[in-house]
Amino acid sequence: MAIDRATVDYVARLSRLALSEAEREAFTRQLREIVDYFARLQTLDLSAVPPTAHVHEGTNLFREDIPRPSLPRDEVLAAAPEVEEGFFVVPAVLEGAVHEAAPPPRGAAGPDGSGEVADETAGPPPDRGGEGRAG
Amino acid sequence: MLDTLLPAATLIEGLRRRDWSALEVVDAYLARIEALDGQLRAYLHVDPEAARAEARRWDERAARGEPLPPLAGIPVAVKDNICTRGVPTTCGSRILEGWRPPYDATVMVRLRQAGAVLLGKTNLDEFAMGSSTENSAFGPTRNPWDLSRVPGGSSGGSAAAVAAGLAPWALGTDTGGSIRQPAALAGIVGLKPTYGRVSRYGLVAYGSSLDQIGPLTRTVRDAALLLQVIAGQDPLDATSAPVPVPDYTAALGEGIAGLRIGVAREGRGEGLQPGVAAAVEAALEVLAGLGAELREVRLPMLDYALATYYLVATAEASSNLARYDGVRHGLRVPAPDVVEMFARTRAAGFGAEVKRRIMLGTYALSSGFYDAFYLKAQRARTLVRRDFEAAFREVDLVALPTSPTVAFRLGERVDDPLQMYLADIFTVPVNMAGLPGISVPCGFADGLPVGLQLIGRPFDEATLLRAAHAYEQATPWHRRAPALAAAA
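Chains as they are written, first to last, in my numbering: chain A, 129 to 263; chain B, 12 to 499.
Derived by calculation from the structure, the hints in this document are not laboratory data. Yeah, the Cβ is synthetic: ideal placement off N, Cα and C, and Gly gets one too. Do not rely on the hints blindly, as some may be mistaken.
What the hints assert, rightly or not - Only some residues are given here: those of chain A computed to face chain B with a beta carbon under 8 angstroms: (1) L142; (2) R157; (3) Y165; (4) L172; (5) P195; (6) P197.
With the hints as extra help, turn the sequences into a complete structure.
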């Protein structure tokens with residue numbers, strides 16, 4: 129599961145980060161070292177241990193459903209880079225290229241790629257949300 | 012002029028007795044900031060006129076004999092990832108440069124209601140990601156004990172400000188040690204409350220299941236006083252807990268006879284500097300001398316806690332920081348289409364460590380790696396919690412060093428992220444388990460401060476404060492202050 133340049137490029141695309149050449153090189157080296165350190169978790173037998181997402185798991189806390197004033201629209205929009213008639217303005221979304229992250233490179237695809245990842249599941253899990261589409 | 016190294020509790024008493032006015036207090040701190048912050052760079056934003064105006068208002072109310080709230084006219088510094096209405100909140104990042112939040116964080120609302128005067132916003136590692144304050148886009152903060160060294164992080168600005176008397180106390184935030192570690196490296200008290208004790212509403216999110224706001228102070232009593240004001244459930248934060256808030260100063264002086272303190276051999280491992288180890292061992296002797304019963308406990312997950320933490324925290328960060336997209340606030344780098352605009356904006360707006368953590372978290376959550384990394388880390392997190400649950404069946408508190416080393420030199424670790432992460436080895440387990448932890452000064456190694464960390468049961472900050480106070484009162488460390496001279 130070593131991190132290589134292709135993995136860094138793939139993850140940068142998912143992260144919406146336009147990295148420079150120097151960053152790609154440094155991150156490949158640094159992320160590889162850090163992920164190698166993470167590998168110590170693979171030595172633990174965790175199969176019977178439930179995951180913790182949150183330390184106070186229990187019932188949801190709800191506040192009373194009482195309307196309260198929202199933030200003034202003008203104050204909120206004042207912080208935006210570009211606004212028009214009370215809306216945020218963004219560059220073209222539907223026109224032009226629809227961007228999608230390229231499929232993961234070989235060797236970075238976990239169970240289906242290098243086969244180095246110890247994984248209990250039969251196939252790759254569903255995508256966890258890094259690949260939102262632009263249009 | 013007023014001594015700015017006085018504890019906040021003494022300032023409060025003096026104001027009540029009219030020994031000094033709120034304006035005199037604020038002016039003393041502003042003068043100290045003016046004299047020393049060019050060297051320290053603890054603050055990112057100070058508005059002297061706003062602070063003076065607030066102080067005058069409290070003086071006028073006092074002159075009219077009106078009843079005053081508990082902190083009326085007392086200045087406070089606030090870490091710059093806590094939203095302050097109309098006052099810049101940068102998170103130490105270019106991506107939020109110039110942003111003025113349209114609302115106050117709940118802790119700010121509570122501080123203002125208690126009468127505190129906002130002195131300024133303090134420097135931090137960008138989005139609270141770091142252990143040295145070197146990751147601030149606006150330059151590092153220096154350690155007042157040695158200007159060539161870091162003050163720790165990520166609340167390094169708050170720690171340096173308090174240690175050097177540029178604020179009587181400050182708020183910081185702690186996701187993996189960011190209050191306790193800088194408190195240790197700067198020779199002051201730092202308290203991370205139980206997860207859920209203090210509202211996170213208006214705290215710019217880094218790792219939402221780990222983040223807590225807490226005090227950095229000169230004394231343990233001050234930490235109790237400041238926690239008192241900010242603690243409690245908040246309808247605006249569904250993770251703030253409906254647990255009653257006790258009077259944190261009431262039992263401070265009751266002593267620790269019979270208190271059982273757990274000492275873990277895993278806290279004596281390699282990487283611990285001999286001077287730090289010696290100071291912590293000596294502190295344990297002092298606690299025993301005060302009547303505490305020291306017992307061995309085991310924390311076998313300590314070797315895995317750092318890896319667990321950096322997977323969970325970066326996964327949460329990668330999700331939380333997706334909101335910086337050049338649309339609603341902050342920086343935008345123009346591009347012909349929206350995805351390219353996101354990518355260029357984020358590339359220009361985030362610094363190297365924030366990018367690394369977003370990348371790590373995205374990797375750990377990405378298709379094919381979720382089970383191998385993120386889910387494994389969540390399972391390992393359960394074991395970290397169980398370590399502490401087992402320990403707290405035997406003892407009332409657990410003691411560890413706060414940081415394995417004293418303050419390191421600027422630049423020493425910036426190109427070696429993993430070495431930087433190792434600074435957090437003794438603090439991250441506490442966040443993983445959601446427990447309260449305090450760092451209290453426990454001596455010096457090579458002339459630099461060392462911190463003792465005490466860890467308590469969930470919502471038992473009172474016991475933590477009582478033990479830390481007993482230790483503090485039996486030792487001279489809190490009375491030492493760095494020798495700093497204004498630049499000529």
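Structure-based check of all given hints:
For L142 of chain A, the shortest C-beta to C-beta distance to chain B is roughly 5 angstroms, which falls under 8 angstroms, so the interface hint holds. With a cut of 8 angstroms, the hint placing R157 of chain A at the interface with chain B is violated, because the nearest CB-to-CB distance is about 10 angstroms. Residue-level restraint check for Y165 of chain A holds (minimum Cβ-Cβ distance to chain B is 6 angstroms; threshold 8 angstroms). The interface hint given for L172 of chain A is met, as the beta carbon of that residue sits about 6 angstroms from the closest beta carbon of chain B, less than 8 angstroms.
For P195 of chain A, the interface hint is violated, the least distance from its beta-carbon to any beta-carbon of chain B being 13 angstroms, above 8 angstroms. Here the hint on P197 of chain A is broken, as its CB sits about 11 angstroms from the closest CB of chain B, past 8 angstroms.
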